[in-house]
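Got chain A; can you put chain B on it based on the hints?
As given, the protein sequences belong to chains A and B, one line each in that order. No gaps in the numbering here: position 480 of the first sequence is 480 in this note's numbering, and each next residue is one more. No gaps in the numbering here: position 19 of the second sequence is 1019 in this note's numbering, and each next residue is one more.
Among the clues, some could well be false.
[Claimed, not checked] Mimicking DSS-like on lysine-lysine, the simulated pairs with C-alpha atoms at most 30 Å apart in a straight line are:
#1 A:Lys200 <-> B:Lys1089
#2 A:Lys167 <-> B:Lys1089
#3 A:Lys174 <-> B:Lys1089
#4 A:Lys347 <-> A:Lys324
#5 A:Lys200 <-> A:Lys167
#6 B:Lys1003 <-> A:Lys13
If you are wondering where the hints come from, they were derived from the structure by calculation, not from laboratory data. Just so we're clear, the structure is a prediction, and the values are computed from it rather than from any experiment.
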Amino acid sequence: MTDYHDPLSKAAKDFLAEAEEILDQLSGDILSLGDSVGKEECDPDTVNSIFRSAHSLKGLAGMFGFGEIAELSHHLESLLDYLRLGKIELSEYTLVVLFDAVEVLGSLVRSVSSEAGGQADLAPVLDRITACISGASVASAALSPADLGVSAKILQSLTEYEEHRLKENIARGKILCLIHASYSLDTFDRELGELIDLLKGSGEVISTLPSAEEGFENSIGFDILFGASQEPHELYSLLDQKGASYLRLGGSPAVQVVPAEEKLVPPKQEGSGETAVAEGDAVPLTARSMSHSMRVDISKLDDLMNIVGELILFHGTVASISEKMRGQGFSGLAVELGKTAKGMERKLNELQKRVMDVRMVPIGQLFEKMSRIVRKISREQDKLIELKLSGSDTELDKMIVEDIADPLMHIIRNSIDHGIETPGERRAAGKDERGAIRLSSYQKGSHVVIEVEDDGRGIDPDKIVRKALELGLIESDAGLSQKDVLDILFLPGFSTAAEVSDISGRGVGMDVVKNNIAAASGTVEIESRLGEGSRVIITLPITLAIIKALLVETSGRSYGIPITSVRETLSLEDVEICTVERKEVMQLRESTLPLLRLEKFFNCATCDELSENSYVVVVGEKNRRVGIMVNDLLGQQDIVIKSLGDTFKGVRGVAGAADLGNQRTILILDVSGIVSETTKGGA
Amino acid sequence: MKKILITEDSSATRSFLAATIEAMEGYEVVEATSGFEALRLLPREQVDLIITDINMPDINGLELISYVRNNPNYRAIPLFIISTESSEKDRERGLALGANEYLVKPFQPERLQELILAYLG
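In isolation and in its complexed conformation, chain A is listed as follows (with noise of 0.2 Å):
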């Protein structure tokens, strides 16, 4: 048999391609769960599809020896088994040993695809779970539902948890309707499901019960037994006009109840009205599965983007070339091939559209992730916090959602740890004990906004700039407005952690924060009132595949400078320059910025005179910027950023290489990094 622990084996990639599927939905279901704690009823749908996912992968990992994640998954499944048959009640607590158990499931199945193999201590959230089902209490018999008229044939063929529904129905004096309906074997699943959309709208489904249509070859017919929180009169005129039955069962005396099968009308035969369906034997034969998405391997989706871009760039060319038979006397071909050109360009955009969207992914599976660190981390500090999460339906390029993945933690860490007060602190700030963070995205322009605002403490400017003047980051206070003072927050090696919490230290400062973000052509900003809270703003580009540079010439050579980064730029004769420490800098307003020439950053041999046609192309951020010193400035352009593969990976500066069509390649300047290299030690 297969050796199903070698971390290589296709079977162990199709356990955890799927494992890590069952997780995320797993996840996702429990944190809907959490806004029913404390509720009447919590909604079954979610509580059975949480059942059915622990379910699954216990299953999964009985079948692939994976006996760790089997015996937890089975644990979890008895304990949903008791939520959902209504056994035990749904509690805060319940709902912290399920998010407990999905985290140490997932460390067990990343420990899966990791040749380290990880142990784990099950012990404490086993007996966690047992500790929840030891209160279970038995279920009482409720009014039998073969009272109620629900015919035999229905009865035998609920599952256990289908039976407790329908008890439940009964229990809370649901309308329990029996509704049916005949489709066309070809259709029924699309049909069906509308049905059953249509009826999820006003109570719930609690079986759907196939049976064959005697006489009818082609037809499938289904009993759907149906618990309404009202009487829904408008769905039973959606229910004619759909041609599907009811019977309104038990209960009101003024309905008789009828045995389902005598009273259905006959089945409708589909597929021979006008528009006609084809007939069973017509339709090809099938494995085809019935589920529309795949998983896609990101590098695949690269590729396809460079070769989108190797295309713009053919076009270009063949858009020169029609320009070039004109000029050359081939007006007749060279109109032709110039509308060709433009069709092509249409098409062209189109086809890198549709790419772009592949690769979007709305940021909601990251605010999941957030919600989990949020719940764990303000119990371990005994803070009632409340997430509020909005815009997760907000697109993003899959990279940067995986690149920002961390610094948001790290944010949101910040605003738990420094922000949110102790539920007494907030009591005796006359604030609800229970602080809230609110983590909303949203589209602008060709940007995505993230936002982490709490309504905790707030930052305290003067503490911020004693730590500064101690730490000898800045020399004085003097002229510093509050932002000025926030933007300090952002500098190398300071860090707040120790005078205000002992909790943090994990020696991650916001400047680390600020580089990773900034790496994902993003930009990060703070706002805050002294106690009333903070506002972390980061603002990122929708995809990364296809930025806006500034083309410059210098010394004979063309570099592109992403536009995100450029703050202006400078006629060279409008600016003064004078020598520090035999380094040139030059007077910005108030500041003062060190300049450089690109071809002495780079030990180029050539190196130009400047003349007063000269510029300065000022890059960076607030308090890190440089002046760039070019012979002239070309124009902007949409560019595709190209890796230069392993070899060239080290050089300082380069943050990759783009073809501009017309045979000619560029470098891409990677300013954060010749920032960095250029105020590294002076300024």
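Okay, now just chain B, sitting in the frame of chain A:
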């Protein structure tokens, strides 16, 4: 060639079952990822044996068994349930509805092969 329909929503379990069956001579596998898909496949494929999970998202395995056993076209097809140790009650109901055998996960592939041979061999 005898044809076996596997109805199981977990793709990894499905692959495991398919690999176990295809390791035997003379059998081919038709896979359904849900109860609905099984309902669509049944009239198109001449199936000799059905293997079904119980917990599935659209219709459950018991409902599938009830459908098969109440339909003159499929009534005689042998049917095995794949279940877990905790779903004992559901398993009993499945047998009451007319399932022929059950297997509790995790099981040895040989056990499934023996059962298949016993019914189809």
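Inset, instruction - Given the hint that lysine 174 of chain A pairs with lysine 1089 of chain B, test it: the Cα-Cα distance must not exceed 30 Å. - result: 26 Å, holds
Legend entry - lysine 347 of chain A paired with lysine 324 of chain A [C-alpha distance capped at 30 Å]: 23 Å, holds
Inset, instruction - Would you check the hint for lysine 1003 of chain B and lysine 13 of chain A, treating anything up to 30 Å between C-alpha atoms as holding? - result: Holds, at about 28 Å.
Inset, instruction - Take the C-alpha atoms of lysine 200 of chain A and lysine 167 of chain A, compute the straight-line distance between them, and say whether it is at most 30 Å. - result: Between lysine 200 of chain A and lysine 167 of chain A the Cα gap is close to 18 Å, so the pair holds against 30 Å.
Inset, instruction - Verify the proposed pairing of lysine 200 of chain A with lysine 1089 of chain B, using a straight-line Cα cut of 30 Å. - result: 27 Å, holds
Legend entry - Satisfaction of hint between lysine 1089 of chain B and lysine 167 of chain A, Cα-Cα up to 30 Å: 17 Å, holds
Of the hints listed earlier, there is not a single one the structure fails to meet.
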